[in-house]
Amino acid sequence: MSINTIVRRKVILPLLLLATVIAMAAGAAQGAGQPPPNGLRDTPTLMAEVNRGRARLVDTPASRIRHTTGVWTGCHFVYLTTKITDYETNAGEFVSVSSDPDPMPPTNCVERRNPTEGEMTAMRAVVAARNAAARPPGPPGSEKVPEWVPDGAFNGTPG
Amino acid sequence: MRTSKYLRVLLAVAALGLMLVAPQPASAHTSPYTRNGMIYGHPGFCVNGSVTQDHGWHSVGTITTDCRNAYQNWHRQYQRYYKGSPYGGPGEYCFTEGPHESPGWGEKAFSRTYTWDIWNWCNYGYNHYVRIYIDSWQAAWDPNYTGIGWREGAWRPATSHCHCP
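So the sequences go chain by chain: A and U. Just add 30 to the spot in the first sequence (first one is 1) and you have my numbering. Just add 452 to the spot in the second sequence (first one is 1) and you have my numbering.
A hint or two may mislead.
Claimed, not checked - Pair ranges (Cβ atoms, derived): (1) P595(U) - R142(A): 38 to 48 Å; (2) Y109(A) - N596(U): 17 to 27 Å; (3) H580(U) - A121(A): 38 to 48 Å; (4) R39(A) - H580(U): 22 to 32 Å; (5) G577(U) - V156(A): 17 to 27 Å; (6) L87(A) - D518(U): 26 to 36 Å; (7) S32(A) - G508(U): 23 to 33 Å; (8) P133(A) - N596(U): 20 to 30 Å; (9) T111(A) - G508(U): 40 to 50 Å; (10) D518(U) - N138(A): 48 to 58 Å; (11) L48(A) - S537(U): 32 to 42 Å; (12) R154(A) - Y539(U): 26 to 36 Å; (13) R94(A) - Y539(U): 42 to 52 Å.
Claimed, not checked - What the simulated footprint calls covered on chain U by chain A, stretch by stretch (three residues with Cβ under 8 Å from a Cβ of chain A suffice, anywhere in the stretch; the number is not a length): (14) 542-552; (15) 561-571.
Stated by the list, open to error - Sample of chain U residues at the chain A side, in silico, Cβ under 7 Å: (16) W526; (17) G536; (18) Y539; (19) G601.
Keep in mind that the hints were calculated from the coordinates and are not lab data. Since the structure is predicted, the reported quantities are computational estimates derived from the model, not experimental observations. Even glycine gets a Cβ: it sits at the ideal position worked out from N, Cα and C.
Use the sequences and the hints to build the structure in full.
Structure representation (structure tokens):
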């Protein structure tokens, strides 16, 4: 057997095999194609329930309008919308699906910062007004109760 | 020479492998993050559930458990989304969802699923790595909770996922 044949069989071919295995493992590690796991109610599970006749579309005030959200660009708020589709399962669970978000517009913030409390208050007022038609009637008396923010909630304070 | 042909093939395979392991744009996949159960709440807080986030979707689900009265099946969810550098440093506010209220006192279980990546509204731009957080809290209505009404609780700390290498 020639030296070239020995080199091919015992060195180069194993190296080729090793390189191929490494390349394939690296590709798998990226995991780009992995489906998300099930949450309490993820969309694929919900759609399976709909197909089995165990969940149905429901017409709600929220599903008749696009839902408005105030999104911070880094220097000001923009108001973007999403589509809402509501379902109810035979087990009595209500599932609301948000889809089709408006694209974020280009922003040219000279300096990035967090919103001030005044900007947050103004944003909440705009959002509440635009979503008012979609909000279900709350329990009696709840409209008088101010919004609660728990200790430690992120409020935009740096640090 | 025959040996040089094998060397060319080896180099081609190595180049392919390098392409696969090279840094990807800021959309590389990392594991989803889920937090379940009640971690912190006011006395009488009776909302359980989970929040899960991953690339392309996230979901918040709540269910009232052992509440004192039927009114407390009326509950609400609230989330604040913010971002930060994956290497640490101050966070930056992105947006808020909620309060989203369950449709009525008959609904013990209430879920919201978002079929889009939070990154769309919460990023530092293309090819900039970012860690995205969901700070979420919930409340169940108690008409006997004088002056306050909503019995609240929150999962701590916030869940996150990363658009990172």
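Outcome of the hint check:
no., hint, verdict
1, P595(U) - R142(A): 38 to 48 Å, "holds, 44 Å"
2, Y109(A) - N596(U): 17 to 27 Å, "violated, 37 Å"
3, H580(U) - A121(A): 38 to 48 Å, "holds, 42 Å"
4, R39(A) - H580(U): 22 to 32 Å, "violated, 48 Å"
5, G577(U) - V156(A): 17 to 27 Å, "holds, 25 Å"
6, L87(A) - D518(U): 26 to 36 Å, "holds, 31 Å"
7, S32(A) - G508(U): 23 to 33 Å, "violated, 55 Å"
8, P133(A) - N596(U): 20 to 30 Å, "violated, 46 Å"
9, T111(A) - G508(U): 40 to 50 Å, "violated, 19 Å"
10, D518(U) - N138(A): 48 to 58 Å, "holds, 51 Å"
11, L48(A) - S537(U): 32 to 42 Å, "holds, 37 Å"
12, R154(A) - Y539(U): 26 to 36 Å, "holds, 32 Å"
13, R94(A) - Y539(U): 42 to 52 Å, "holds, 44 Å"
14, 542-552, "holds (count 10)"
15, 561-571, "holds (count 8)"
16, W526, "holds, 5 Å"
17, G536, "violated, 10 Å"
18, Y539, "violated, 15 Å"
19, G601, "holds, 4 Å"
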